[in-house]
Amino acid sequence: MNTLSVQKLTKTFSTATGDLEILKGIDLEMTSGDSVSVTGPSGCGKSTLLYILGLLDTPTSGTYTLLEESVSGLSQDKQADIRNKEIGFIFQEHHLLPQCTVLENVLIPTIPASLDPAEKKGRAESLLEKVGMSERLNHRPGQLSGGERQRVAVCRALINEPALLLADEPTGSLDPETADGVGDLLLELAGEQQTMLLCVTHSIDLANRFSKRLDLQDGKLVDVSSS
Amino acid sequence: MSAFRLILKSLLYYWKTNFAVLLGVVAGAAVIGGALVVGDSVRESLRQLTLKRLGDVDYALESPRFFREELADEIETGSQSELIIAPALSLSSALQYEEESTKQTHRANQVGLWGVEQEFWSMIAPEEIPAPVDREIILSRQTADTLQAKLGDEISLFVELPATIPRGSLLGERDEVSQELVFSVSQILDGRTTADRFQLNPSQKLTFNAYVSLEELQVALDLAASRPSPDYPQGRPARVNSLLVKSDTRNDGDLQKSESDSSSLNQHLKDSLNFDDLQLKLRMIEDKSYVTLESRQMILDQSAESAAKQAAKELDCTTSPVLVYLANEFLNQNKPENYSLYSVIAGLDRSSLDSPPFGPPPLKSGAWPAEMGDHQIVLNSWLANDLQISPGEMIDVRWHVVGSHGELPEVEHEFEVMGIVDLSGPMDDLGLTPQLKGITDVDTYDEWDQPFDMDLNRLTQRDEDYWEGTNETKAYRATPKAFVSLKTAQKLWNSRYGDLTSYRFAPQTDELSLEEFGQRVTAEVLKAYEPQNAGLAFRPVKASGLQAAQGTTDFSALFISFSFFLILSAMILIGLLFRLGIEQRLFELGILHSVGWTDSMVKRHIVVESLIVILLGTGVGAYAAVLYADAMIYALTTRWVGAIGTSELALSLRPLSLIIGSAISIIVALGAVIWSLRQFKGLSYRAMLSGTQTEVARNASSSSSKYWAIGTGFLASLLLVLTVLGVVPDVEAFAGLSVKAVMFFVVGMLGLSCSLLSMSAWISRDEELSVQGTGETALARLSIRNASRNRSRTVLTTGLISSATFVIAAVAAGQKDPAAEGPDLYSGNGGFRLVAESSQPILPNLNTEAGRKEALEFLNQPELEDSEEMKQLLDRTEIVPFRRKPGEDASCLNPYQTTLPTVLGATSLMRERGGFTFSGVSAEKPWLLLDQEIPNDDEGLPVYPVFGDLNTLQYSLHKAIGDRIPVPNQENPRAWLEIVGTYTGSIFQGVLVASEENFLALYPDEEGYSWFLIGGPKESIDEFTSSDAEKVEDYLETGLNQYGFDVNRVQNRLDAFLTVQNTYLKTFQTLGGLGLLLGTVGLGTVMLRNVMERGGELSLLRAVGFRNRQVGRLVLLENAFLLTWGLLSGATAALLSMLPHLLSVGADVPWQSLFTLLLGVFLVGMVSSLVAVIQAIRTPVLSNLRGD
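Order-wise, the sequence lines are chains A and B.
Each residue of the first sequence is one higher than the one before, counting from 1 in the numbering used here.
Each residue of the second sequence is one higher than the one before, counting from 1 in the numbering used here.
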């Protein structure tokens, strides 16, 4: 059983006018198959929390245990290893490499992993087929629509079968119809792989489709699923 | 998908950026590799010129003395190797040609005159040109051009007549020093043959040479073979002074092997030498049963004396060294009417007179003490009778001494008569006095052929009887009449030529006949004689010439240092473009990190990608390096020909150099990439993912820049002050660079750094850069605000501009104009207006009317009487003579490595006058340093103090104060020259200066003066005007033309030396200009990138009502800000760091052209940003605002 546990996590930024505490003691528990959305106003620290959970940023204090291993104090290389094997990232901007084809973009996370190339390719093609992109394997990001690019980004996030999938406003730059489609896809694929899914979004519609909805208020997470 | 595939994809996708980086690498690799190729080419060209200069001549012997021509055959026969040894005469001469139609006279001075025969000629000339015969003369192209002579023209040659007895000694010949010979031009060489440039010292230039028949020259100079005579019972052999050797083994510049071969040659030489070659003779004194070793030069030189002493040890015989001198008069102090004239006085070692045949002396009265003082004398009975004197009484003795200008003042010395010996037995010995033609072999005083006036009217009958004999007495002739101790004799009649006039050997037994004993003495003396000490030694001229072709300067390093700013610009450009490329794909780095790539993986990915670009760039750069080197060689043979002084340079490629150049380029370019990558260190993954560089720009705190700026500024000021105050010593720091020159770079670099750090700190201070106000001021503030958007990029770009500006301004400020320097005692000209050299040494003192008349009389030109006006002018002219031992040209005009340059002997006149500027010498009267005594070295070799010019010492000889130079070479030094002072920017470039006394101790055979400085006396330097100089120049060149007297303006000579320096400055300036060109390309690139990055912002400005013109101006203002800062900081740093030079006399800064240049750079820089302006205006407002 994959787990994620965050306790009393804080994050403070130094500014010209003094220290600014964004996260003031976050507690969060997740297990395999959980899907959690995090909402909140702009600048409240949602993305900061997401980057800390994705090991792309470090907390000021608190503990963060992923897969029963405390990850806060790990070396950068070890953290990179965890990011590669256990965490998948989806951003608001798709961030596909323009020089690579759709298939190559999906395969980028497999480069550090020691997997059989044929196996890697098979997995990527299978994922892309699931998201309806099997006809566009050799297209470049510039030749795709916004929704298509985001679907490719989802595949890239899932290629190494991560235990934790983090999405930062994944539908923020998409039209409502496409956004719905991407939301569905995220939930469906995460469910299939029993991945812990945590999504930061402004979209209440999307947020409500997750098994749990948390709101970041004054630096703390408040469960608003029942409301 | 693999990491490598991703790299390839990225390379292709970002091809524009990569291509730009590649071009930067190509530029860097071309410059670095090109510099190495230039170095190779210069070295190889100098090597080829050496081979061309020497033709087939591998070894050479050039002696100041004449020896038997047959020596060539004897050494050739004795040698195991297949050698061809050609005898030759090598003389310095003055040539003159008078055009028949115009009566115009053309002169060529210091022409190398070679007396050649076929063997030598075939070593240096093509087969189709026959060797000169009879009165034919072959002229080198350079000589013919100077004389404007054609085939068939009659040419007058003036050569110094060989003197048997040195001219600087009492009995030396002074009346006939020069001989005019007329030859007809049979051939003019085309400038491409070895004969056109043949000389034994390394030089890249065509030389002034003339070739005549050896036999003809020997006849003309009385060096041809002659019939037997009393002096030469076997007949006198034909003589030469040079031997040129063609070796059968290929001489490929292996100096060690060649030195070993020349040692073998020298051994054969030693084995073949006889007394005729060494100017020695052994006389049998049959009646006294001894033999005496004498020199045809009258005085036994040190080598002969040492050999004689060594031989005496080997033979275990009785010996007696002798020094005789000619006394003009003996006078009884108490009875002055009793005197005797023109008698010989001998210095003898009393201990050698104890046993026969040299003693014991038949004492009549008094005593002959074992140790006689300097004022004690023994007379023979004849003289005692003449003087009517007894032991204990005093006599005066007068004799001539030889002055430095050949004058013969008379001196008087008082002696106490210690004893009187009978004129018999060992004291009746004519063998004590060496045979001297014209004196000892004549019957009467009237027949004497002496170089001084004799008062024959005062001769007494007794004097004549002594010489000529009477019915009762024999003719005693030059038998000494008086005797002093050998020590006293050597003190009173010391001579630079030697200490003895003869060395007597007597067998201890009568087992051998005197003749057989003489043969043994001869053999032992020859065995012990060291020919090289007398200048008789073969030199491996070709191997050492090829060694010297390595050059005074490492041209590879020189061109790399010249191209320093160009390389720096290329590297900054590489860094800049690379950084732009990374910034463009910052999100990619974020993505790679987010998907689990480690830092090192991401870095490796970027570095490998860059490495591929760098490798490709270096590959292309290697080819470009060849083109660049070709261009440099072209420039060095045309526009920059002054740097190396020859147009015979050719491109020479060594693969190793290209490989080394490429390797350096890769390392340097990779360094630039890694340095750029470091700028992203600390950038968060989030910042990367957002693709923003704002964080990078703000990463370093402005306060640290401020403190660094203050620190570097302070350090630069401190070093500048220390340099101006002269605290920084002007000595070599490393690789031929002076500490001052290094300071120049250090202060410049610190100044530049200070300026750039100040800029970085200033634009980062947000509170002072707030946008406010309206109109142009607000626009200007906004543009500076824009410049701070990416601080490091801004600073880098400005750094690029300022570096190139620094070079250009520094080079312009470094120019020097010797014409601006009037005669000044304490300057490079020492207050002199003229410098002169003569082909033949001049002995008389040209500062006196008598001396000038003497010099002119010698040449039978009494018609050249001084006019009254000229007399007055010459009275206020000081002609400072120097003795000269020709050596290698160590000035910057000669690119070959030199070991022993020409040495000058400065007279007391020069040392007392003083002047010139010195460096690294704290003495109040630096010239007196030449008089200091330096203890002998550990081996007992003498050490003489010398001065040299700073440039000569640093760049040619690679020596500094305190260093020693071996004479004649490192392998067999017989003395050392120690540098005790350095001139700066002086007329003495290329030579070393010793005191006259030390010079004569070092080179006793060098007669007279052949190097002169001419100007007003030091009290009235300014009164000697340029017009005066012109008149004196005409007078001396005409009056002393047969000496080959060649006068030049000191300013012109200094100007010639500066040609090299100014050419190097031009080279530096041109390469700096190329750096600036790269800088403006970089600036244009950065501005374009800025505009593209800020497309949205610029569109917004237009959306809120800014006109296109205003947006364009905004971009231009930012560009102008960067350009102005770069230009001002570069120019100011350069001028500040050149302050020591700017404050010196003769600094000649072309302010107008410098300002024009910088203005031009500003305009070119502004034009280069026009592309960015157009881009700013053309960017579609709507799509930019939508963020498409």
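Think of the hints as simulated: they come from the structure by calculation, not from any bench.
By construction, the Cβ of each residue, glycine as well, lies at the ideal position given by its N, Cα and C atoms.
Among the clues, some could well be false.
Cut-off 20 Å, straight-line C-alpha distance, at most; resulting in silico cross-link-like pairs (EDC-like, lysine to aspartate or glutamate) [as the list claims (entries may be wrong)]: (1) B:474 to B:441; (2) A:85 to B:599; (3) A:130 to A:180; (4) A:78 to B:599; (5) A:85 to A:135; (6) B:281 to B:515; (7) B:871 to B:1093; (8) B:925 to B:1019; (9) B:853 to B:422; (10) B:103 to B:74; (11) B:257 to B:82; (12) B:364 to B:422; (13) B:603 to A:180; (14) B:681 to A:57; (15) A:121 to A:135; (16) B:603 to A:169; (17) B:681 to A:77; (18) B:491 to B:286.
Pairwise CB distance ranges, derived in the manner of DEER restraints [what the hints assert, rightly or not]: (19) A:98 to B:603: 41 to 49 Å; (20) B:681 to A:74: 14 to 22 Å; (21) B:608 to A:177: 58 to 66 Å; (22) A:135 to B:681: 36 to 44 Å; (23) A:208 to B:603: 51 to 59 Å; (24) A:77 to B:13: 24 to 32 Å.
Looking from chain A toward chain B, a few residues come up when the C-beta cut is under 7 Å (computed) [claimed, not checked]: (25) 13; (26) 51; (27) 83; (28) 84; (29) 97; (30) 115.
To see whether the hints hold, each was checked on the structure:
no. : hint                       : verdict
1   : B:474 to B:441             : holds, 15 Å
2   : A:85 to B:599              : holds, 16 Å
3   : A:130 to A:180             : holds, 16 Å
4   : A:78 to B:599              : holds, 11 Å
5   : A:85 to A:135              : violated, 27 Å
6   : B:281 to B:515             : holds, 13 Å
7   : B:871 to B:1093            : violated, 84 Å
8   : B:925 to B:1019            : holds, 17 Å
9   : B:853 to B:422             : violated, 47 Å
10  : B:103 to B:74              : violated, 48 Å
11  : B:257 to B:82              : holds, 16 Å
12  : B:364 to B:422             : holds, 6 Å
13  : B:603 to A:180             : violated, 38 Å
14  : B:681 to A:57              : holds, 15 Å
15  : A:121 to A:135             : holds, 15 Å
16  : B:603 to A:169             : violated, 29 Å
17  : B:681 to A:77              : holds, 16 Å
18  : B:491 to B:286             : violated, 31 Å
19  : A:98 to B:603: 41 to 49 Å  : violated, 21 Å
20  : B:681 to A:74: 14 to 22 Å  : holds, 20 Å
21  : B:608 to A:177: 58 to 66 Å : violated, 43 Å
22  : A:135 to B:681: 36 to 44 Å : holds, 42 Å
23  : A:208 to B:603: 51 to 59 Å : violated, 43 Å
24  : A:77 to B:13: 24 to 32 Å   : holds, 28 Å
25  : 13                         : violated, 11 Å
26  : 51                         : holds, 6 Å
27  : 83                         : holds, 4 Å
28  : 84                         : holds, 2 Å
29  : 97                         : holds, 6 Å
30  : 115                        : violated, 11 Å
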